[in-house]
Amino acid sequence: MTKSILLIGVGGQGTILISRILSAGFARMGYDVKMSEIHGMSQRGGSVTTMIRYGDEVSSPNFGEAEADIIISFEKSEAIRALPQLKKGGTVITDDYEILSVPVLTGASSYPHDALEQLRAVVPNTIIIEAFKAAEKLGNSRCQNIVLLGKFVKTMGLDEKADWKELVAENVPPRTVDINLKAYELGYNM
Amino acid sequence: MSDKIMMSGNEAIARGVWEAGVHVAAAYPGTPSTEILENIGTLFKDDIYCEWSVNEKVAFEVAAGASIGGARAFCAFKHVGMNVATDPIFSMGYAGVNGGLVFVTADDPGCWSSQNEQDNRWYGPHTKIAMLEPSDSQECLDFVKAAYELSERFDTPVMIRVTTRVCHSKSLVQTGDRKDVDVIKYERNPSKFALLPATAIARHPVREKLLAEMEEYSYDCPFNRVEETEGAAIGVITSGISYQHAREAFGKKASYLKLGLTYPVCGKLVREFCEKYDTLYVIEENDPYLELQVKALGFTGIHGKDLVPACNELNAAVLRRAIFNEEPGESYHVEATAPARPPTMCAGCPHRGFFLSLSKVLDKVVPAGDIGCYGLGTQAPFNGFGFSLCMGAGFSTLVGLSQALKRQSDPRKALGMVGDSTFFHSGITSLIDIVSSESNVIACVLDNSITAMTGHQENPGTARNLMGQSSPVVDIIALVKACGIDEDHLRVVDPLDISAMDAALRDGIEANGPFVIVTKRPCVLIKEVARANGKRHAVIDPEKCIGCRMCMSAACPAIAFKDGRSMISEGSGCIGCGLCTQLCRFGAISIVEE
Ligand SMILES: Cc1ncc(C[n+]2csc(CCOP(=O)(O)OP(=O)(O)O)c2C)c(N)n1
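Going down the list, the sequences are from chains A and B.
Numbering-wise, the first sequence is residues 1 to 190 according to this note's numbering.
Numbering-wise, the second sequence is residues 1 to 594 according to this note's numbering.
If you are wondering where the hints come from, they were derived from the structure by calculation, not from laboratory data.
Check before you lean on any hint, since a few could be wrong.
Once the Cα atoms are required to be at most 27 Å apart in a straight line, the calculated DSSO-like pairs of lysine-lysine come out as [as the list claims (entries may be wrong)]: (1) A/K165 - B/K4; (2) A/K88 - B/K253; (3) A/K3 - B/K4; (4) A/K88 - B/K252; (5) A/K3 - B/K253; (6) A/K87 - B/K252; (7) A/K3 - B/K252; (8) B/K305 - B/K252; (9) A/K87 - B/K253; (10) B/K4 - A/K161.
Far from chain A, by Cβ distances over 12 Å, these chain B residues were calculated [as the list claims (entries may be wrong)]: (11) P88; (12) D541; (13) E570.
Don't be surprised by glycine CBs; every beta carbon is placed ideally from N, CA and C.
Bound conformation, chain B alone (with noise of 0.2 Å):
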């Protein structure tokens, strides 16, 4: 066992795509799949050339474009971002692929760090894509490379569908080499790749056909296995982690059909397994995906979702709740509960400035989040926003939430926030849409000159790419004046100035038409601003405190409130950003460099 090395399941794909010898990948980052581009810029950018596209529809295209143009290509992202790269997966769904091509989907149960837990594994029929399930590190690692050769196989695009627990685990992981792969010849086929309506409808039955051969070839594939228990009763099918806590909750007690190919599945293999088995469960999470097709093979009597939840993770522990209606083993009790402990802006974070001052005006704005660092004003003690839905919708709500105000006579103005990644990634085309509509809205771009929520990765305003070399800045400001914002409804202020980002506010607020702020501050966990920052950090005067409490409104996770008095305590991660300096009307609190 010595020779295999620990790795994370995102850490293996990367691996993996190495090893396939692929030739382009593209993602856009988003959790629990972010690692796998990560792995790929820091460890292959030598023989990958990599990037971070600004959404996953655009890294979809790249991927599908080097794929025609014959390499070997790769996509990732996470569930809700395949949702955003679904119209150009439909179509490479009928096209097929000349160079293999291989997306992976991060699926989310538990909602970790998702606003929900969508079941990908119905994309698979939905857009005619063969689906791989791995269970495991090494099976990311080998099925991204068998996936490469199915892929050109059956020229069909290959969808792998992990979720949070393959991505995030660690196991041993025996690794190859590199396989040299050649660039296969571009050559111009409209009649394949060109899809008019003419080529879509002569490319569906060839895809049908596809599918049909990928089922037979399914019944002796690699992906799948049957795990038989000598004078087990029980037969349990099942795929991807759901296979692990399987294996765990039954034990000795079942035989086991894992499936690694869940699209097409294989009604063969399903079938002379069900057979044999006088008792039969589907053990999958969230959704009765698998369940449904064993039913409609006429097993009709076979036990899953009426057992297993559909909601949540599943551990093994949940399933023999389920099955065995096994209570959990005793633990202990204690009177003391752990407070809560949400994740919070980090001291210095620039979002804090902003969500200060809109905490001020809640009266007069209507506000609308989105996903970022950002969507944590949402928390007391800010309350900043009251809806949040996906990416770029906090500047597109706007447009039909000022409608809605409207019409109920209310006078408080919508009001939108994005991140810079976030305004890249769909709010460019949200805003355009204000400005169309000539909306009566303030929409806000949080410029913290990264990525910051899923773990600083780079965007287009970056000036440094995933492989490390500088890259041109698209300049946020010069987009939103292009996209017809001129100076008198456009504010740049830096969020962490109190009266200048109040006056900000303020002037939207007055003013008539599309108004944007953006804010401009890097976020404090960037190296070079932490280097920047050195030892500076607000010291309070316990003398001139008086214990007004007006620092503790910033709710700064370095500020301490003991004894009728402020304290930032050394190692509270104060980074002297001078929010509470300006908050402190007794001069009590100062800014020491040190």
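Same shape as in the complex, but just chain A (with noise of 0.2 Å):
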């Protein structure tokens, strides 16, 4: 069965790290990959989304509303504009993050502030948690990213079947790797 992902943020969060770290693993593990990247005008600060596919067999690289398994949502709002591509008996795991857009500053579009409420109201899987606030305690909030990912692995109970630390090790750039471990085990832990 081919599982679906969809990683949403924005422009300049990370997005792309944590899903070459994510595909990797799934490779590692013996399943066929696709991830697909939407970059171009998605950057300057604009929504971004990624999405990842696994299975025995996987054609598409990208699909369509109501097909995610699971979405890991970076900032608070972003979550709620994944939300149709969430199957039912999905999983959201989102951070608490808020970023406000530039209308959002300019007063041109408003923020919903009790997003996560009104998604905990509906989506029974609903994971919150502030990844961005533990990445800025632990010194850098660049790992947010990671938290997310030990969150991730931990509640699709993966770490059995991949080395992620390693994982994180091979792929962040090698100054920050104590930091994104310390980051990959206060997501688990989360």
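Now that you have both chains on their own, put them together as the hints suggest.
Okay, structure coming up:
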């Protein structure tokens, strides 16, 4: 059975790095893996999505509405943006972190501060963590993505199936290996 | 599976180019094709001469020259880039090659980062050039390598047509080694390569004959395959990424004719396939390119664009709805909606200063836009320009626009803008037209010292090239002057200096005849610039801020308005560019360097 994961965040948050680690992990587990990123206009503070699909044999790298088994969201309101892609029974892991977009800053658009309460009320498998805050406390807010990775691995029960710490170490900049491993632990134990 | 690695289609193409023994590669950046040459530049520059050319036509001609000279050559561009390059491409279609010549057109169904969804498969028959369509990263690598054999065997350039989801999806790839290929000796051969009318008319039948031979070859070539499913009554003809979506949507219900060589299409193969199935579908994104060819073979009952949408990207869910009337499964719904989150100019972006000043004179000018990060300036609150077409048009449209405005007694002046990379790409020729037509317009070069929108590629103004070597700087201001703009009609300003920027626009509006403004300030994302900026940022004194929102008119993502006051929080991305300090009339904003 092919599983579909949607990662969503804001340009610059590091969604692509954890997508890379996840797909390397699935490949190491012996799955066929495809991952689809959208570049270009989505940088510069726009909404960014990555899709990962793994299974015995994967054809399409991307998928449509109501087809995601799991959504990993780096930002509160982005979880709402991605919601129509989630299958009934699927899981949302989201950071409780807000990034106000320019239309919100200028007052042209409003921000749903109660997004997560609403999400929790309708999606039974909603997991909310403070990944950004944890990474900031650790000393580098850029490790937010690895905190989320730790939580994802734990939630999905994938810890036994690949050496995730090794994968983290292989994929982050060499100077940041230690802090990222700590970030992984933090997320895993959240 | 362990020795396979995850590669994007673009990485795999770059790898394929290297494995094929290519000697010369040239491109102009454009999403989704950019990473191909970036990868060649970082990984393979010791074996391959590679460059960012000034535009796609130049890039293709660099590659064509290498091919004619006997080297294996490669070129890449995004779909609209191919429009710019087609003049030499058509010619090389007639001339053929010496060393193998392969180029990539990366199309963008869904317009993720483009001005249209043009389907470049039509260029196959149009240019009479062989076309291959890989469906995943492994095929990207394999097809590129095989394309060089095809190119040299059939004396033809070969076009590889990919799409965003092929370029930017990663899948597992088995790589190989580089093949050493000798450069073929260049011999003067004007009857093949010097396309004067007499040569060209003689080359045309040669080309038609080669195409016929290629179609014969295509019947059992390695690019096409039939995937039969036992007992299936449905036959699906497909290519490229659509093959993957078709497999997802039809699964075991269908057999597949997967075409990799989509020009020329093998009529015999299609005919044999179609005759076996009661129900037939052509599954393809955007235009009915294959469908029309299948119908031309007499299979008029085949389904295609009668069901499958011609607009936007496909995916399996779209196909299930189109073919089987299957609605998507159930999801969840909340009342809350996500806020608009369009891409915006970064904190510290020099373009912001330009648009801030421009927004104050919109009653005096009619702005034309172009393509680059400054394209974001059309959005609120700047509402910077009302139209943009393609690279270079930000200048050339001014000539006609000023005539149109004059004829409707509209006193406003036409004003256009292009970035530095766009100026080199096709702004120079447009500026020459402005000068020689003596058009009464304002042409602005927004020079941020990099090709920013596509992710920071070098250009002739950057002092460094794709291979990481230092290179001579082509001076934009000297060029502007050489085109015939004198000092009186030229202003060079720092766009983040509001009064200087305002003054330059004012001078331009008052001037007569062609007027050029060059804004000079590097993109804040350039590594050296970011490093030099250090920890500089702005702080807002909450005691002095009265909440007048003047600073908010800069629409900077680093400034938030909370509880009646502006604030710049940590992690906001502020680099202390100083635009907001100039806007604040209460001295509430200062720059700190800690
Ligand atoms: C013919 C064509 N080639 C390539 C592109 C892709 N493209 C869009 S913007 C851009 C770069 C613009 O750079 P520059 O003019 O320096 O502006 P900046 O983004 O730096 O502000 C490119 C290459 C395109 N849209 N059209």
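Evaluated hints:
1. Proposed proximity of A/K165 and B/K4 is supported: the alpha carbons are some 21 Å apart, at most 27 Å.
2. Our distance criterion of 27 Å between C-alpha atoms is met by A/K88 and B/K253, whose separation comes to about 26 Å.
3. For a cut-off of 27 Å, the pair hint linking A/K3 to B/K4 stands: about 21 Å separates their Cα positions.
4. Between A/K88 and B/K252 the CA atoms are separated by roughly 25 Å; this keeps the pair inside 27 Å, and the hint holds.
5. At roughly 21 Å between alpha-carbon atoms, A/K3 and B/K253 fall within 27 Å of each other, so this suggested pair holds.
6. Using a Cα cut-off of 27 Å, the hinted pair A/K87 and B/K252 holds, with the two alpha carbons roughly 23 Å apart.
7. The straight-line distance between the Cα atoms of A/K3 and B/K252 is roughly 19 Å, inside the 27 Å bound, and the hint therefore holds.
8. For the given pair, B/K305 sits about 22 Å from B/K252 by alpha-carbon distance, which is consistent with the 27 Å threshold.
9. Proximity of A/K87 to B/K253 is assessed by CA-CA distance (about 24 Å); at most 27 Å being required, the pair is judged to hold.
10. Restraint check for B/K4 and A/K161: satisfied, since their Cα atoms lie roughly 19 Å apart, inside the 27 Å limit.
11. Here B/P88 stays apart from chain A, with its beta-carbon at least about 27 Å from theirs, past the 12 Å limit.
12. B/D541, annotated as away from the interface, keeps every beta carbon of chain A farther than 12 Å; the closest lies near 19 Å.
13. The claim that B/E570 is not at the interface with chain A is violated, since a C-beta of that chain comes within 12 Å of its own (minimum 9 Å).
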